[in-house]
Amino acid sequence: MSAAAHIPSSTKGEGGAQEVRAPAGSRWMAYLLLLPGLLWLGVFFVLPLVQLGAVSLQSRWPDFPGYYYPDLNWHNYVQALTDYGPHFARSFVYAGLATLFAFVLAYPLAYAMAFKAGRWRGIMMICIIAPFFTSFILRTFAWAQILSDEGWVADVLNALHLLPGGQIINTPIAVVAGLTYNFLPFMVLPIYASLERADPRVIEAGGDLYANGLTTFRTVTLPMSMPGVLAGTLLTFIPAAGDFVNMELLGPQRGKMVGNVINDQFLAIPGGYPIAAALSFTLMAAILVMVFLYVRRFGTEELV
Amino acid sequence: MGDLRDAHGDLQLESVTKRFGDFVAVDGLDLEVPRGSFFALLGPSGCGKTTTLRMIAGLEQPTAGRVLIGDTDLTGSRPYERPVNTVFQSYALFPHLSVHDNVAFGPKRRKAKDADTRAGEALELVQMADFAARKPAQLSGGQQQRVALARALVNRPEVLLLDEPLGALDLKLRREMQVELKRIQTEVGLTFIHVTHDQEEAMTMADTVAVMNRGHIEQMGPPEELYDLPRTRFVANFVGQANMGPGTVEGTDGDYLVADVYGTKVKVKRSRSQVQEGSLLFGVRPEKVQVSRTQPEGGGNDVMGVVKDVSFLGVATAYLVEMPSGTIWSCYEQNLDVEPIDLRPGDQVWLRWNPAHAFAVAPEGALQEAAR
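So the protein sequences, as listed, match chains F and Y. Residue 1 is where the first sequence starts when you use the numbering used here, and the numbers rise one by one after that. Residue 305 is where the second sequence starts when you use the numbering used here, and the numbers rise one by one after that.
No wet-lab data here; the hints were simulated from the structure. Take these hints with a grain of salt, some might be off.
[Claimed, not checked] Residues from chain Y that keep clear of chain F, each with C-beta distances beyond 12 Å, as calculated: (1) 467; (2) 529; (3) 557; (4) 576; (5) 630.
[Stated by the list, open to error] Covered, in the sense of this in silico footprint (three residues per stretch, anywhere, with C-beta under 8 Å from a C-beta of chain F), are these stretches of chain Y: (6) 373-385; (7) 407-417; (8) 430-436.
Every residue, glycine too, gets a C-beta built ideally from N, C-alpha and C.
The shape of chain Y in the complex, shown without the other chains (with noise of 0.2 Å):
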């Protein structure tokens, strides 16, 4: 079976889908990662990435569907007949092993000569060389996870994958290893496959990133165009926030179809929609919002709320509005003067927004999240 190790091109999943016993982890999916690229899959827990993974890694077999490198099928073999290594969660060091001889422990069962330079590259490659003689339980998190990164990445395979890497490290080391990881995987060219629940994390590092939710990828590109527009109310609201409110077409006008949503009349150019009819989900991102005391010239695409809350961040002040149909929106604004906006609770503001930066999204998606 040596030569499934040498499976060579971009990861493919066909109609892959995973089942335990009634529980549907996995559902159908499909999935192309052209090799060499920092992939994510990024959902929340139980969303089945992780699944995705170890099916991935042959650590589970899939219920239907094929996994292939380029044209090589690896569907039914076992994890060490691939060429795909892991970072795993708790980093699973072998505990009875030195550093160098967890990251020598690949290259030596594929009986390479030279394991043992290889091993003391890849610690060189992670900054840990220092540390090859020390035992695992002799290192702080963030270290083990640099030897974890090494023992993986010392084999070169096709595919790398992270089950969330960083998700045992404190931010200031976390946000470090995000740089660290894309400088490695830039350096290295192999293909990073990274699942994480941390979308932040996901938009850092990857190229493109997948948002998985319930079994099934609901979108699928790169970091902006996930965040300019998200083409289901979850992935609306999993990646960054969104401001919201459910409303119905009344016509079109010009590009822009116009909607009703609680009263307002909303502008939302066409192309932006997924629902050209019928009843939508209306959304802006909270940074695309404009705050003012006074109602905008031009009028259109604003409307008059309550301001609830104003917090000071720094780079920018954040305002929580209260609109008309009761919702909170949540708006930025920079913070570019040296004074403020002066505005408190409870005064009267204008929320106004570029019509072009609206997006829409089918309401179905908000029907299955409030029934489950």
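Next up, chain F with everything else stripped away, as it sits in the complex (with noise of 0.2 Å):
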């Protein structure tokens, strides 16, 4: 993914730079700085990862529900798309709409942040920053009150006659709203940290050199940002698309997200364990698959 990362950002002289080989000691010692992190990544993420792979083939007793035996049963998979096609599309659709929604709300206000707020500029981040100082799940029960029908924002659609089933709250509109705010955040600080180190010069140049406003920001700051909307994009898509607490909170009954069949599999439904690891494995590789056709696309060379 970073194909210029390898050349100096300011190479003096002609032609290019050697590139100095680090001495053996140094070597193990980046070896030995990296061991507690794989250490911990290892025991952590790779050891339960094999684990959720092995339990997503297992099949079930017959005779004693709730009990499994190692096994290779791909019918897992099969019943896990068959079953909960919907749900799986369902997360992405809720995941993009969340995102693209984020963006659009996230860009003005970090480019904003970045070149207009002046003084203001650490107050805005503080607000920005300020939401994580309380959970996550209290603040989606915080805008389950906001969005419920005795809630103002209910009064007000419902008195503009702009909420056709009378409800806000318990509707995929509330979902979309929930994983929005959650993930706000992620979008905001990678575009903001592009912008901010944007030189203002180079956008300057793009008015010297006969584009407007509207050219220059299409052809110069968009693209000098492109870095910090990849990253801002892929850190509110991947969460949101595995997401269950707005749905869960902030949801229908009906029509639910592929985390929560998940999270039912797992934590209700009795002998669900195998089909849940199944889906998870399957978000999990659709995700990558989506991750990595979007990085391919747009991707920059220096991704973050």
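Hey, can you piece these two chains together into the complex? The hints should help.
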């Protein structure tokens, strides 16, 4: 993903810079520094992942509900996809919409913070980070109240006859709104970081070279902030696609997302473990493929 | 607003003022730059030269006054409406575009059909055609500088602005680029306005140099003239070195004023003095002062001093000499002989100069300087 990463940003003199080999000692030091992180990942990520993969292929004991034996039961995956295909689709559509809305809200905000905020920049930054001081669940509960039938949002929208069902809570709209809200900072911060790093003179150069404000934005500012946009969309879409809290607290009873199905299969349905594991693996694979295609299409050389 | 881009002629600033809050960056500046000339705005940092440049580019709007090219008033118009392009100090190349696309950016915005051909030609002109496919991050500072120049030149603007374009380069490269810039300007025949704090750079390249200080122009003219006959204390000190001393006019002798400087009678041509009576600031350029062990014949315009420091520079030897007044003068002697003059610190010497080479400026500047 980072073809340009090997090229020093300011090569002095003509021609490319020689690659400097680190002495052997410092290479060992590098591995040593990597060790704790690798161990942690091995124990808490790789091992559980292998375990999950094994569970996803297990079969039930016919005579003992809730008990399994190791197997290579690919039928779990077939079942996961046939029974829960619509849930996957819903997850990706809602996560996609939330990512789109978050982008639409975040870009102007990040732009204002980077170029227009002046001394208000710090305060704006605090406002964006402040929600992290309370729990994600609590904030979503707060949204359930705000969007509830007795809340002012529903009242106002109903007064304007903008709610066909008369209700905003327990609808997909509330879920997408909740997802958008919860992942907005993950969109704002990377975009802000890439805009803030941009040299204002480069944007001025666009104007100097006959591009009006809109053209300069389209041809200079936006492309320069693409690494941030890319990071922001990934940081929003990936967790939103797997999220189940927003659906649980704000969404309808029927028409859940895949995260809710996995949650239910694991916790509520006896003998649901293999299906839940198969769903998890499928979700992970689907997201990986989508991210890969997305980065291939829009990726810049210096991603994050 | 397309007609603004067809503006043609000399660049004119009419009593242009720019205030940032209480701070007056540019103070009632009048300036006329003939079409096709290489013009330098020279001054220390904070003197308003970059602000002036940005007002010509349209990146800042003047608080008062007008900016014109020929008869077309550009005041109030946006940068993209003006036939003016800038080579930014930091080059400001588009990092996401290749060298070629950077250069083709301007022509493409103007919907030129031959944008790619022109970009190729511009890169040829700055000898960067081989690097067209690279990204700016893959270039050295000097190469980026050339690309920035090509990106501005390709548009054939009426006025090309250069904001300290060589500041980030090392000395050798800077010298090369000075020659190169001058060559390109002569070749394309556009008006170049070059902002710099480096007097040597300004003098090497420009036909006309305007010395700016605290928001206004102190003096403007060909480099030789600024050096030979500075009209203010600031110019005398900023453009080259000057040996100076405060004095009082005591009378006249033909074409000359006679002044008393710390008890020494000195002469300066009336036409070379900005003050005809009262107190003045007398000055001579270091290379106009000759050093000798014995009092020269003829007398007048000579002073005895004590050598403080001798530095051998190859083509010349530089002396620092303490005058009776306590001020230190510097002098250059060309090393015409195989054996240089054998002087040591502590030796007594006579300094002499041709009175026709002396100049005098008003001391007010001195007071202002001191009050700062």
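Hints, one by one, checked against the model:
1. The beta carbon of residue 467 (chain Y) is not kept farther than 12 Å from every beta carbon of chain F, the shortest such distance being approximately 9 Å.
2. Distance check on residue 529 (chain Y): its Cβ is at least 33 Å (rounded) from any Cβ of chain F, clearing the 12 Å threshold; non-interface status holds.
3. With 12 Å as the threshold on Cβ separation, the claim that residue 557 (chain Y) sits away from chain F holds: the shortest Cβ distance comes to roughly 57 Å.
4. The beta carbon of residue 576 (chain Y) is kept farther than 12 Å from every beta carbon of chain F, the shortest such distance being approximately 43 Å.
5. Residue placement check: residue 630 (chain Y) keeps its beta carbon more than 12 Å from all beta carbons of chain F (closest about 46 Å).
6. Remark: the segment 373-385 of chain Y is confirmed as covered by chain F, as 3 of its residues place a Cβ nearer than 8 Å to a Cβ of that chain, reaching the required three.
7. Under a criterion of three residues with beta carbons nearer than 8 Å to beta carbons of chain F, the stated coverage of the segment 407-417 of chain Y is upheld, 4 such residues being counted.
8. Under a criterion of three residues with beta carbons nearer than 8 Å to beta carbons of chain F, the stated coverage of the segment 430-436 of chain Y fails, only 0 such residues being counted.
Checked against the numbered hints listed earlier, the structure breaks hints 1 and 8; every other hint is satisfied.
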